[in-house]
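K.L.:
By our numbering, the letter at position 103 of the sequence shown is numbered 103, and the numbering carries on one by one without gaps.
Simulated from the structure, these hints should not be mistaken for laboratory data.
Check before you lean on any hint, since a few could be wrong.
Unchecked claim - Under the rule of at most 20 Å between Cα atoms (straight-line distance), these lysine to any residue pairs were calculated in the SDA-like manner:
#1 20 x 76
#2 68 x 144
#3 20 x 58
#4 68 x 163
#5 68 x 58
#6 20 x 84
Stated by the list, open to error - Just the calculated beta-carbon pair ranges, DEER-fashion:
#7 177 x 206: 10 to 20 Å
#8 18 x 197: 31 to 41 Å
#9 182 x 206: 37 to 47 Å
#10 104 x 179: 37 to 47 Å
#11 214 x 138: 25 to 35 Å
#12 23 x 116: 17 to 27 Å
#13 176 x 130: 16 to 26 Å
#14 19 x 217: 52 to 62 Å
#15 215 x 23: 27 to 37 Å
#16 212 x 145: 38 to 48 Å
Note that the structure is a prediction, hence the values are computed from the model and not measured.
Quick reminder that beta carbons are idealized off the backbone N, C-alpha and C, glycines included.
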Amino acid sequence: MAPEKIAPKKTTKPAFPDLKAERRLVGAGYQRIAGIDEVGRGPLAGPVVAAAVVLDFGNIPVGIADSKALTAERREALYEELLGVADVSIAYCSCATVDRINILQASLLAMTRALAALPAPADAALVDGRDVPPGIRLPCEAIIGGDASSLSIAAASIVAKVCRDRMMAACDRTFHGYELGSHKGYATPGHRAALARLGPCRLHRTSFAPVAALMPAK
């Protein structure tokens with residue numbers, strides 16, 4: 001008789017981010033756990049923005065989730081709540097830096113800067129993604145999909161998203177015609193049409209193929 005086949009055990013992501021990763025670090029003796037995330041890897045224009053958030057585990061705003069799963073209104077409300085109850089910092093790398101060192105390295109640099117900018121030092125960190133930024137000199141764990149599983153990283157994703165959206169809305173008032181406040185620099189059909197019509201402005205990432213194709217030949 002052939003051996004019975006056992007179906008592989010299915011694993012599911014938590015419906016909402018939780019504190020499992022944070023509790024593991026607290027159990028190892030760390031107290032101030034920074035969640036770090038970035039936003040803005042994909043856009044054709046604007047900076048990549050990172051945030052670091054150290055939550056007060058006894059006073060966490062209700063409803064924190066991956067920023068992509070929240071409405072703009074809910075992100076704004078949670079952002080204001082987080083500023084009142086957590087240690088928060090923001091950092092960014094400009095489009096010029098993205099073009100100079102590439103988007104991955106710029107993202108890691110922005111996250112390193114955000115951690116360093118906290119009002120009081122963290123003693124461990126959780127970072128969204130596959131890579132631990134090389135500039136981080138304290139115990140740090142990279143978590144793929146961390147913005148959907150760790151409350152600290154999810155909080156950072158909200159802060160980074162709100163800050164970058166506000167930056168792009170402000171840029172829209174200076175760089176007319178691109179509708180940056182609407183698409184936030186992402187490669188929407190409207191943005192591509194404006195690029196073809198107006199050409200790149202200094203906020204555009206010339207190392208990205210759709211922008212590079214419109215640059216004058218050297």
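K.L.:
Give a verdict on every hint.
P.N.:
To see whether the hints hold, each was checked on the structure:
1. 20 x 76: Violated, because 26 Å separates the two Cα atoms, which is more than 20 Å.
2. 68 x 144: Distance ~15 Å between residue 68 and residue 144 Cα, so the pair holds.
3. 20 x 58: Measuring from Cα to Cα gives roughly 15 Å; hence the hint holds.
4. 68 x 163: holds (14 Å)
5. 68 x 58: Violated, at about 25 Å.
6. 20 x 84: Violated: residue 20 and residue 84 sit about 24 Å apart, past 20 Å.
7. 177 x 206: 10 to 20 Å: Distance hint for residue 177, residue 206 holds at roughly 18 Å.
8. 18 x 197: 31 to 41 Å: violated (47 Å)
9. 182 x 206: 37 to 47 Å: violated (22 Å)
10. 104 x 179: 37 to 47 Å: Given a distance of about 27 Å, which is not inside 37 to 47 Å, the answer is violated.
11. 214 x 138: 25 to 35 Å: At roughly 42 Å between Cβ atoms, residue 138 and residue 214 fall outside 25 to 35 Å, so the hint is violated.
12. 23 x 116: 17 to 27 Å: holds (25 Å)
13. 176 x 130: 16 to 26 Å: violated (38 Å)
14. 19 x 217: 52 to 62 Å: holds (54 Å)
15. 215 x 23: 27 to 37 Å: violated (50 Å)
16. 212 x 145: 38 to 48 Å: The hint (38 to 48 Å, Cβ to Cβ) is violated, given that residue 212 and residue 145 are roughly 31 Å apart.
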